[in-house]
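Position 117 of the sequence shown, counted from 1, bears residue number 117 in the UniProt record's numbering, the numbering being contiguous throughout.
Wrong hints could be hidden among the right ones.
Claimed, not checked - Cross-link-like lysine to aspartate or glutamate pairs, in silico, EDC-like; alpha carbons within 20 Å at most: (1) K285 x D123; (2) K285 x D35; (3) K51 x D123; (4) K60 x D157; (5) K171 x D35.
Said to hold, decoys possible - Computed beta-carbon distance windows for the label pairs: (6) E202 x W170: 31 to 39 Å; (7) N251 x L322: 18 to 26 Å; (8) C48 x S91: 19 to 27 Å; (9) C136 x F312: 42 to 50 Å; (10) W170 x M290: 50 to 58 Å; (11) L188 x V146: 25 to 33 Å; (12) E159 x I208: 24 to 32 Å.
These are computed hints drawn from the structure, not numbers from a lab. Each residue gets a CB set at the ideal place from its N, CA and C atoms; glycine is no exception.
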Amino acid sequence: MESFSKWFWNDWFWLPEGHSFKNMKPDGRFAQPLDLIYLLGWGVAICCIRKIFEFCFSNKIARVMGVSNKLARPPEIPVLDAQFELTSQPSDAIIAELCKKVDMTQRDVERWFRKRRNFEKPDMVKKLGEASWRFCFYAFVFIYGVVTLHDAPWVWDTEHCWIGYPQTMWKSVYYYYMFEGGFYISLLFTVSTDVRRKDFYEQIIHHISTILLISFSYISNFTRIGSLILIIHDSADVFLELAKCFMYAKNDKWADRFFALFVTSFLFTRLFLFPVFALYPSFVKLRRHMKPWPAYMIMSSVATILQFLHVFWSYLIVKMALRVIVTGQKPKDSRSDDEDSGEDSP
Numbered sequence: 001m002e003s004f005s006k007w008f009w010n011d012w013f014w015l016p017e018g019h020s021f022k023n024m025k026p027d028g029r030f031a032q033p034l035d036l037i038y039l040l041g042w043g044v045a046i047c048c049i050r051k052i053f054e055f056c057f058s059n060k061i062a063r064v065m066g067v068s069n070k071l072a073r074p075p076e077i078p079v080l081d082a083q084f085e086l087t088s089q090p091s092d093a094i095i096a097e098l099c100k101k102v103d104m105t106q107r108d109v110e111r112w113f114r115k116r117r118n119f120e121k122p123d124m125v126k127k128l129g130e131a132s133w134r135f136c137f138y139a140f141v142f143i144y145g146v147v148t149l150h151d152a153p154w155v156w157d158t159e160h161c162w163i164g165y166p167q168t169m170w171k172s173v174y175y176y177y178m179f180e181g182g183f184y185i186s187l188l189f190t191v192s193t194d195v196r197r198k199d200f201y202e203q204i205i206h207h208i209s210t211i212l213l214i215s216f217s218y219i220s221n222f223t224r225i226g227s228l229i230l231i232i233h234d235s236a237d238v239f240l241e242l243a244k245c246f247m248y249a250k251n252d253k254w255a256d257r258f259f260a261l262f263v264t265s266f267l268f269t270r271l272f273l274f275p276v277f278a279l280y281p282s283f284v285k286l287r288r289h290m291k292p293w294p295a296y297m298i299m300s301s302v303a304t305i306l307q308f309l310h311v312f313w314s315y316l317i318v319k320m321a322l323r324v325i326v327t328g329q330k331p332k333d334s335r336s337d338d339e340d341s342g343e344d345s346p
């Protein structure tokens, strides 16, 4: 076990040339790699806080915002129920057979299956509960980040991300990392029960990439540039989740306003701030102070993956925003719920 630990925590892999973990004593001043073990505990704790939030406040928030579950379950028909358990979207041939068995028209059978599919989908109260929870967390952690970093020298001059390495870590930055890392781990814990999104796999890649970036930057003692990346990411999500809340409440006026703020902040933070204040310092300024090393190459690759996702999502968002402007349709987040309309066609 000791030999494996020595091999895994290799200075050559994790740290810049000329530096060693031996110089970063566990005296509370430097980030310690084993601190990341606590992220699992933070993830579990945040999951528990979320459950308490949803249990205590979801229904109350839904009542205040006028959100209810209006879809009724279609009448129970044993033959159709049995077929639905096999497949929720039967072929035309199967529907023709079912029509004979239950003495219903093809249109009535198709309508029954459509209503049953809509009934099985996540209800509006659940969606509102998830969106309101994420809004509360993003708002909290963004405000925490602003309070923590507003006077940090590396925010106003990114050269300080590398000057004097290895730098001591602020205690507030330590908790910032724990909050963020624990939250993204909690999202992976609940991915199977949360409302499924259209960009489900892209979201998984994003969450894993963020966790890797948090972990590698912490281990390599690059929490300064890491904290910049975190605060850049959080602001747009606050407006996105708030816009969703009002969209579920069918309050178009406020949904439109927060959606506009989301589009503006997302494009500004992900296509301007992230490249200028995260990628450029990491790819260019860092090389003025140290040579690249293996862990740095991995962090750079992960940051590049995140930027590709930002460009992909920006394309979807701009495309959807233009459609809203041209056609006057209600805004619907292109990254949002993977579901058909809950309304029944005549």
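Results for each hint:
no.: 1; hint: K285 x D123; result: violated (49 Å)
no.: 2; hint: K285 x D35; result: violated (28 Å)
no.: 3; hint: K51 x D123; result: holds (17 Å)
no.: 4; hint: K60 x D157; result: violated (45 Å)
no.: 5; hint: K171 x D35; result: holds (13 Å)
no.: 6; hint: E202 x W170: 31 to 39 Å; result: holds (33 Å)
no.: 7; hint: N251 x L322: 18 to 26 Å; result: holds (23 Å)
no.: 8; hint: C48 x S91: 19 to 27 Å; result: violated (44 Å)
no.: 9; hint: C136 x F312: 42 to 50 Å; result: violated (27 Å)
no.: 10; hint: W170 x M290: 50 to 58 Å; result: violated (22 Å)
no.: 11; hint: L188 x V146: 25 to 33 Å; result: holds (26 Å)
no.: 12; hint: E159 x I208: 24 to 32 Å; result: holds (30 Å)
Violated hints, listed in ascending order, are 1, 2, 4, 8, 9, 10; each of the other numbered hints is respected by the structure.
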